[in-house]
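Chemist: Chains as they are written, first to last, in this note's numbering: chain B, 1 to 441; chain U, 1001 to 1171.
Derived from the structure by calculation, the hints contain no laboratory data.
Backbone N, C-alpha and C fix where the C-beta goes; we use that ideal spot for every residue, glycine too.
Errors might be hidden in some of the hints.
Claimed, not checked - What the simulated footprint calls covered on chain B by chain U, stretch by stretch (three residues with Cβ under 8 Å from a Cβ of chain U suffice, anywhere in the stretch; the number is not a length):
#: 1; region: 8-14
#: 2; region: 18-24
#: 3; region: 30-41
Unchecked claim - Covered stretches of chain U (chain B as the covering partner; in silico rule of three or more C-beta atoms under 8 Å from a C-beta of chain B):
#: 4; region: 1029-1037
#: 5; region: 1051-1064
Stated by the list, open to error - Below, a sample of chain U positions facing chain B; criterion: calculated Cβ distance under 8 Å:
#: 6; residue: D1003
#: 7; residue: A1004
#: 8; residue: S1006
#: 9; residue: F1009
#: 10; residue: R1016
#: 11; residue: L1021
#: 12; residue: S1098
#: 13; residue: V1101
#: 14; residue: L1106
#: 15; residue: R1107
#: 16; residue: V1117
#: 17; residue: L1158
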Amino acid sequence: MLTDLLEELAREAPTGGAPPGQLWRRGRRMARTRRVGTVAIAAVACVLLIALGSVTWQQRAVEPPVADTETKTYVPARIYTPSPFLPGTDEQGPPGVLIATIEAEREGWVDRGRGLVGVSATTGDYRFLDLPDANPEYLGDAALSPDGRHVAYWITGSVPDPLPERPKVPSSSAFSELPPIVGYAVYDTVTGKVGRRVQSTQHGLGSQAFVWFDPGHLAVTYGQMRDCCSATPNRTLVHDLASGTASALSVDVTMASTNGRGTLIDGSADTERRTGTSTLIGADGSTRSVRTRTSDASRTSGSMFAVLSPDATKVAFLTGSSTPDTVELVGIEDGTTRTIDLQSLGVVAWLDATHLAAYAERPDDEAHLDLLSVDVRDGSTTTFVRNADEARFAINLLDSPVRDQPDPPEPWSPWRITGTAAAVVAGAAIAILVWRRRVGR
Amino acid sequence: MWDADSHSFEDFVAARRPALLRTAFLLTGQAADAEDLVQTTLIKVVPSWGRIKDNPEAYVRKVLAREATTRWRTRRWRETVVEHLPDREATGPDLTSSVAVRDALLRLAPRQRAVIVLRYYDDLTERETAAALGVSIGTVKSQTSDALARLRALIPDLAAPDGTSVAGFRG
């Protein structure tokens, strides 16, 4: 019955309508309009995707490799906080001679941790150093050679008798879940080659310090982990990069600083306080006590606070009991002392016979330190690297000309790039759908 | 090629437009809206004509049904839904007149109306109805059941003598 009723009602339906030819033409016109709009939207989406890809590619563009060690080097006028998404040397190759390294956050698709960024001395380029067998947790110990050519770092691996996993204890690698340290390696920033020195160890090494005597000689101090909480007394080796040999050194260089030209100075305040002398250490193991008692007995200790001049005739100390402190100079040969009217938070290196590089607070930004060039003759200062506190410098290159190097790129996170691309595609799809529906009405 | 397609399209329109208009009239309840719906449907199928010309009927009816239901969402059809059906004589054949049936159809939701028209006027199976509307067979069943219940309430004479079914069903 319902069918009959519907058929009866349907008899009231209209019978007219536009001529079929006109409908065909309108249909064709609608199809053309749809097609044009679809192509236009797709073209816009393609342009956006190409622009996105172009920006991403430019941010990760491969810098030409700097293979020539004689290329002119510069000190960057400013150190930037590196983006965690900067490319690494695995992608872009070795960065060339470095002016500085910076320990920084590094992130990828899913992983997040610490990384070591190298700052090119020639181009100012920033690049994460992909150091084989390095563990991000130990990168804080990595040491840049005075000429910026090599980076020394601890390598991890398996040991015959690994320590049991226990709750993590601060400052003890034995308790962490990290693999044990089995030796060290030296990364060549120009060739990308890595020289490994695996040490004989039962439980792993207790890492202590790397100090470069000069560009060709690396002092390595470490102990052997005895158990979960202690290590044997430190042992020091001097690694000759040219010959590849390592020889034992009888002194501990954990608290020493280098003049970058073959001599370390033991910056330990204990030695100085006890005897009024400090120890100069040569790469051949020779030691020499020099009188360095200063006018201020409260000298700050640590390698950051005592630096030896390139000719090993003068020492600059940070002295005083406040922060910042004054800088004091001691002539090793004649025992003269002199205080420089400068408030500094640390001395980094001698730039030449008459200039020191020292940290100082920025008047307008206490969160960052600038690197000053201090003329020890008259105490005059010049800021030559801004925001320098996060960097560790190749000290023999600090006398290079200062240049405003380009800002490092701020690459997007891979998630953001993918999300943006997906949004563009989805937006285009929705726009095409809406357009086609609108045209079809 | 376009000429050949154009001719076959025009032939189809000439042959099938009256039938399409009847279905559209049941779906919309208004002559003008039915003409508009059929015209829109025919224009929309032109871009696909080369692909469907050998058997266009099913595709055209699918576009027609979907257009009828989706346009409801944009409230394009000029439906006038009233709270109560117009008063009618208590007796006589008027209860199942065309006006009463049309009013009752207009009181259904567009998809329910489409299900009723496709199933009981166009004589499509549940599967064909589901395909035409782009819904599942289960949806067709439930929409049919709901629509019939509503129609029974609106047009008591539709009820079968035993009060459990509607006479004249097919499928």
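Chemist: The region 1029-1037 of chain U covered by chain B? Criterion: 3 or more residues, Cβ-Cβ distance below 8 Å.
Modeler: As far as the region 1029-1037 of chain U goes, the hint holds, because 4 residues have Cβ atoms under 8 Å from chain B.
Chemist: Does the interface hint hold: is U/V1117 within less than 8 Å of chain B, judged Cβ to Cβ?
Modeler: holds, 7 Å
Chemist: With 8 Å as the cut and Cβ atoms as the points, is U/A1004 at the interface with chain B?
Modeler: Not OK, violated: U/A1004 not within 8 Å of chain B, min 12 Å.
Chemist: For the region 18-24 of chain B, does the count of residues with a C-beta closer than 8 Å to a C-beta of chain U reach 3?
Modeler: It holds, with 5 qualifying residues against the three required.
Chemist: Minimum Cβ distance from U/L1021 to chain B below 8 Å?
Modeler: For U/L1021, the interface hint holds, since the closest Cβ of chain B sits about 5 Å away, which is under 8 Å.
Chemist: Quick one: see if chain U covers the region 30-41 of chain B, three-plus residues with Cβ-Cβ under 8 Å.
Modeler: holds (count 3)
Chemist: Holds or violated: is the Cβ of U/D1003 closer than 8 Å to a Cβ in chain B?
Modeler: violated, 10 Å
Chemist: According to a criterion of three or more residues whose C-beta lies within less than 8 Å of a C-beta of chain U, is the region 8-14 of chain B covered?
Modeler: With 7 residues in contact (Cβ-Cβ under 8 Å with chain U), the coverage given for the region 8-14 of chain B holds.
Chemist: Quick check on U/S1006 please, does its C-beta sit within 8 Å of some C-beta on chain B?
Modeler: At 5 Å from the nearest chain B Cβ, U/S1006 passes the 8 Å test, so the hint holds.
Chemist: Holds or violated: is the Cβ of U/V1101 closer than 8 Å to a Cβ in chain B?
Modeler: holds, 5 Å
Chemist: Can U/L1106 be said to touch chain B, with a Cβ gap under 8 Å?
Modeler: Not OK, violated: U/L1106 not within 8 Å of chain B, min 11 Å.
Chemist: Can the hint on U/L1158 be confirmed by a CB-to-CB distance to chain B that is less than 8 Å?
Modeler: Since chain B brings a Cβ to about 6 Å from U/L1158, closer than 8 Å, the hint holds.
Checked against the numbered hints listed earlier, the structure breaks hints 5, 6, 7, 10, 14, 15; every other hint is satisfied.
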